[in-house]
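Q: Residues per chain, in single letters:
2 protein chains.
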Amino acid sequence: MTGLLDYFRSTPRNSASLAKERLQIIVAHERGVRQRGPDYLPKLQQELLAVVRKYVHVEDTDIRVSMENEDGCEVLELNISLPENNA
Amino acid sequence: MTGLLDYFRSTPRNSASLAKERLQIIVAHERGVRQRGPDYLPKLQQELLAVVRKYVHVEDTDIRVSMENEDGCEVLELNISLPENNA
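From first to last, the protein sequence lines stand for chains B and G.
Counting in our numbering, the first sequence runs from 1 upward without gaps.
Counting in our numbering, the second sequence runs from 1 upward without gaps.
Simulated from the structure, these hints should not be mistaken for laboratory data.
Since this is a predicted model, take the numbers as computed values, not measurements.
You may find that some hints are simply not true.
[What the hints assert, rightly or not] Derived lysine-lysine pairs resembling BS3-like cross-links, with alpha carbons at most 27 Å apart:
#	chain 1	residue 1	chain 2	residue 2
1	B	K54	B	K43
2	G	K54	B	K43
3	B	K43	G	K43
4	G	K43	B	K54
5	G	K43	G	K54
6	G	K54	B	K54
[Unchecked claim] Example chain G residues on the side facing chain B (calculated, C-beta under 7 Å, incomplete):
#	residue
7	R22
8	V27
9	H29
10	E30
11	R31
12	Y55
13	V58
Where a beta carbon is used, it is the ideal one built from N, C-alpha and C, also for glycine.
Isolated chain B, as found in the complex (with noise of 0.2 Å):
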């Protein structure tokens, strides 16, 4: 999972992203093979919204979430469109 702040600064952004606001949270939870513990980013999700709209007003509808568990990595990704001039 290295190298994924230098995926972020390669990507292209065009003129229609530079108009959005935009909020994205990843989390990835990179377990050993044989490790397997209670899947905790389902609870850890709704906490961390609840964190973020302290900062930021974000509405129900403007959230994607998805969630994948696949060789020992859970991964949340919560996409979040901003209304704009928020926060």
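Following the hints, put chain G in place on chain B, whose structure we already have.
A: Then chain G, alone, in the frame of chain B:
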């Protein structure tokens, strides 16, 4: 910033990474070029860590934080090494 989850999936994981437990949190706030607001990510960082600590044991020394702000996109990255058999 689309396709980030695809990037996660496509990143090859070697045997060393399989043995580790790691938690990575990325928060990216993509603002319009002309829209500037207060930088809330440093405060958000502390609160996110507090939430994560409800679920897993995290030592201060096991956290690496980086914060970037360029081209209207603020990116907060938390990399946390977890002790084995955590959670």
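Q: Take the hints in turn and mark each one as holding or not.
A: Here is what the structure says about each hint:
1. B/K54 x B/K43: 18 Å, holds
2. G/K54 x B/K43: Given pair G/K54, B/K43 holds - Cα atoms ~11 Å apart, limit 27 Å.
3. B/K43 x G/K43: Satisfied, since the Cα-Cα distance of roughly 21 Å is no more than 27 Å.
4. G/K43 x B/K54: OK: G/K43 and B/K54 at ~11 Å, within 27 Å.
5. G/K43 x G/K54: 18 Å, holds
6. G/K54 x B/K54: 19 Å, holds
7. R22: 4 Å, holds
8. V27: 5 Å, holds
9. H29: 5 Å, holds
10. E30: 4 Å, holds
11. R31: Because about 6 Å separates G/R31 from the closest Cβ in chain B, which is inside the 7 Å limit, the hint holds.
12. Y55: With a closest approach of 4 Å, the G/Y55 hint holds.
13. V58: With a closest approach of 12 Å, the G/V58 hint is violated.
The structure is inconsistent with hint 13 alone, although it conforms to all the rest.
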